[in-house]
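Asker: Put chains B and C on the given structure of chain A with help from the hints.
Protein chains in written order, with the numbering used here: chain A, 1 to 80; chain B, 1001 to 1229; chain C, 2001 to 2751.
None of these hints come from the bench; they were simulated from the model.
Just so you know, these numbers come straight off a predicted model, no measurement behind them.
Keep in mind that the hints are not guaranteed to be accurate.
With a Cα cut of at most 27 angstroms, we get these calculated DSSO-like pairs of lysine-lysine [said to hold, decoys possible]: (1) Lys-1109(B) / Lys-2152(C); (2) Lys-2346(C) / Lys-1073(B); (3) Lys-1109(B) / Lys-40(A); (4) Lys-1074(B) / Lys-64(A); (5) Lys-2152(C) / Lys-19(A); (6) Lys-2067(C) / Lys-2039(C); (7) Lys-40(A) / Lys-2223(C); (8) Lys-1073(B) / Lys-64(A); (9) Lys-2346(C) / Lys-2333(C); (10) Lys-1109(B) / Lys-2736(C); (11) Lys-2223(C) / Lys-2(A).
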Amino acid sequence: MKARVHVTLKNGVLDPQGKAIGHSLNRLGFPEVGDVRQGKYIELELAETDAAKAKARLDEMCRKLLANTVIENYSIELVG
Amino acid sequence: MKTSVLVFPGSNREGDVAQAIELITGRKSNMVWHGDGDFEKTDLIVIPGGFSYGDYLRCGAMAAQSPVMTEVKKRAAQGVPVLAICNGFQIAAEAGLLPGVLMRNENLKFVCADVHLKVETSQSLFTNRYQAGQVIKVPVAHAEGNYFADTETLKRIEDRGQVAFRYCAPDGTVDGTGNPNGSIRNIAGVFNETKTVLGLMPHPENAVEPMFGGTDGKALFEGIVDALS
Amino acid sequence: MTIATEKNPPVKLPNEPAITPKIVADHGLAPDEYERLLKIMGRTPTMVELGIFSAMWSEHCSYKSSKVWLKKLPTQAPWVIQGPGENAGVIDIGDGQAAIFKMESHNHPSYIEPYQGAATGVGGILRDVFTMGARPVANLNALRFGDPSHPKTRHLVSGVVAGIGGYGNCMGIPTVGGETNFHAAYNGNILVNAMTVGIAPADRIFYAAAAGVGNPLVYVGSKTGRDGIHGATMASTEFSEDSEEKRPTVQVGDPFVEKLLLEACLELMATDAIVAIQDMGAAGLTSSSFEMAAKGGLGVVVELDKVPMREQGMNPYELMLSESQERMLIVLKPGREDLARKIFEKWELDFSIIGRLTDTERMVLTWHGKVVGNIPIPPLVTEAPVYERPWTLTPLPAVLEASQVPTPRDWNASLISLMGCPDLASKAWIWHQYDHLIMGNTAIRPQDGDAALVRVPSIVTGAVHKGLAMTSDCTPRYVQAHPETGGRQAVAEAWRNITATGARPLAVTDNMNFGNPQKPEIMGQFAGAIMGMAEACKALDFPVVSGNVSLYNETEGRPILPTPTIGAVGVIDDIAKAVGSRLTQGGLAIVLVGETRGWLGQSLYLREICGREDGAPPPVDLAAERRNGDFIRSEIDARRIAACHDLSDGGLLVALAEMCIAGGTGVEIALPPTSVPSHAFLYGEDQARYVIATGTLDEVLDAAKGAGVPAVLLGYSGGVSLTVKGLVSLELDDIKAAHEAWLPTYMDAAE
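With the rest of the complex left out, here is chain A:
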């Protein structure tokens, strides 16, 4: 089973990289771009067939390592 994890900064946490991306896009002729927030995308292969169990384990992985819950949110998506 494959899982996709997105890790993003919580609202209100300054995101200097997102800000820089936004500025660059504005400068490149995309004035419609407002606030930009960037994050991480992590793909994992799991030796697990039970979706509920996989989800629970992934939740633990996110809390323990993949995300820093002081400043980051995460979302988990199971594929196939």
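Answerer: Frame of chain A; chains B and C shown alone:
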């Protein structure tokens, strides 16, 4: 004073801090490999600077999960002093030993430069050789030293006097000019609640000899020696 | 496994294409070079064999155009332990210690992908140095970018600097020095030359020559992917606009793995397990295995299926030519495999025995038990093409007299504009992104002295500590105007910069960056520069111990300025005696050492203020260089000099301004009685000169007289402004502002 310096894959300032401690105490440090769940009895634990695990995922995140950190947390809870410098600060924060997190520098660039720090308190085993309000000059060298904590945490650590150092101008003014990384309220170093764990981004270990960066960092190590003897 | 020693053709792999003239040409082999190959092999090669010949005979690996000239450089001195031909040069620095160093270019990859190109350049040169048993203690870099107004320049500066910092900082090696210039001639071909200096016990140096038939050949480090296949061939052909399409072949660096590899190698080197060791740089497994076997006069069998692979479906051709980073090849003593394996596993690195040495003098490649390549090693080396390419020397341009050059309309404005011009402006924006303090041994930081200075901790407790001084220098506009003079000047300036700290200059690493050697005028630049360098190195006892050649630095027929970058290392026996160039104290006498004739040809004053780039470059009198330099060194040793700066770009006035703003102390000087016009005296770029600050004026002047060295009192330090009586009067803050503003303002303009 018996010191243990932790070594993770990618640590790279462990030699600097061991060299500084040897210069000041005349004693070599015990270098502890990250995979060791236990290590000899020690008076001071140092988590040194570097790029543990390449700073991949988040600085300090993977090192914070290593076996040695479980032991460090146990000993810190028993009151063994922990000095966490730069990447060590990031690791200690990730491990929950210290409040807050270290984020990417505001200008997104690595910065290596001398900075001025205002010592917030002399009431700790790390800062007893300094005066409160004293301005010292030590270098920083990091890409992710931008201290952040939520409003509630900030209020708590300020109220309890857990801020150890703030970036400042050479004359001691705490404002944007002396802040190299965008840290909230210019925070450069924080204590845990009992002030037995200190995390700081600047490198006092690189300011202990006149010809090599000045001597303003020396008092930090001398203070620890005083407090522990 | 069967060992093929006979000349039987190897098996062809499924889907292996037939060798056509087009495939041969795509591999960069000229028709006559392919004829040579056929004669050596006695048959049509397989793809992997063709790839190996192509890589080994590329300009990058074979030095086929430059070899005949490089031989003219002096490489010997009593303190030289290893000259050119190994991974890096080795010199004796006393007390049983050796300094190991080299400079290498990563120009083309850095232009295509600036961050990764520069980062892997640093990674490669670090490996060259620690392969030989040294712990790296310092990095330097020499960067040349295009015109600041060129649309790509800003992006290239930003990426290259971040890449160098990203790699060096993570490795924990201080980046302590270097140089950065801008010129339109580099618009399509930037130069990224990286230098590493390391220290090792003089009796524990490791070499590449394999020995011991049957000994295991071990692969350690990262896995092999499809990175940079044909990188070595790419670095040997001229650029065209479509080379931007070659992005996928650029290698990606992993400094974290290299840090582990460094520690693991040094740990293994402390045992007795290693016979020979070689890093996998350009042309990866091909050149490393080939060089080890060739240098040892042996053969080698490589089982390619045992190479740790990162991607699926890789074939022998890709494995032999991949330039994946952070990999090493080691010949172990028999029976030491387990010891070595344990060390590499502790550091979480790949470890695989991929072959062994034979006595056949053949390189035999196998793939799942079948022979897929079988090449005789000696002829590939002895029959390698060597070209004595036609060359035309650049004639010496007419000398430009100072009287033909206008004086500044506004003296103050002229100094401000020079101090803020791209070549002279502060590079603090760059070096603040490099950790220049880690290891705690940096005594002279960037901009605080003419050379960087790092402590070599004494191995004897209580003894004085030595210091290693290092620098990188070249003035490409001089080389362009007259290559012989320019070559001489680059060496002399490096020697002077080391001298100015009080250190003894010991040896040189050269990084020769030139255009297309098939053009006689370019080959003439190369030849001229070598002649000048050779002469200077001989006169100054300054042998070349390592180096690198980068040719074909041209885009659409437009060559770069010829740039023979000189990296140099010196030693000071007691680091406490070293001096920097910062003026930190008032009341010191300011003395000009050396003869001033007022040479304005090819000067920065001429280019920046008068808008001209002409005339002959300043001549280099090597006897005067030596005499004046030896004098400076002995005065520093006698502790009679508080600060010292050599005079180069911008001449006397720029040197004084740099000393003042670096140390926060002003000067007040007056021109001594002279027939030289004021603007030529203050901005002329005559060589063999220094400006010093001293508290013991009489002793210094007496000593100069005794040594036959011209020395004249200019004035005294003090205050917070720079004053030249009747001509210049500027607040240091204003000079500093102009000096420090240019680069950050330029870089921020896009953000």
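Asker: With reference to the structure, classify each hint as holding or not holding.
Answerer: Hints and how they fare:
At roughly 20 angstroms between alpha-carbon atoms, Lys-1109(B) and Lys-2152(C) fall within 27 angstroms of each other, so this suggested pair holds. Note on Lys-2346(C) and Lys-1073(B): the hinted pairing holds, with a Cα-Cα distance of about 24 angstroms set against a maximum of 27 angstroms. Restraint check for Lys-1109(B) and Lys-40(A): satisfied, since their Cα atoms lie roughly 19 angstroms apart, inside the 27 angstroms limit. The straight-line distance between the Cα atoms of Lys-1074(B) and Lys-64(A) is roughly 18 angstroms, inside the 27 angstroms bound, and the hint therefore holds.
For the suggested pair Lys-2152(C) and Lys-19(A), the alpha carbons sit about 22 angstroms apart, so the restraint of at most 27 angstroms is met. Between Lys-2067(C) and Lys-2039(C), the direct Cα distance comes to roughly 23 angstroms. Compliance with the 27 angstroms bound is thereby established for this hinted pair. Our distance criterion of 27 angstroms between C-alpha atoms is met by Lys-40(A) and Lys-2223(C), whose separation comes to about 25 angstroms. At roughly 16 angstroms between alpha-carbon atoms, Lys-1073(B) and Lys-64(A) fall within 27 angstroms of each other, so this suggested pair holds.
Our distance criterion of 27 angstroms between C-alpha atoms is met by Lys-2346(C) and Lys-2333(C), whose separation comes to about 20 angstroms. Simply put, Lys-1109(B) and Lys-2736(C) have alpha-carbon atoms about 23 angstroms apart, close enough for the 27 angstroms limit, and the pair holds. A C-alpha spacing of about 24 angstroms is found between Lys-2223(C) and Lys-2(A), which places the hinted pair at or below 27 angstroms, so the restraint holds.
Against the hints set out earlier in the document, no violation occurs for any number.
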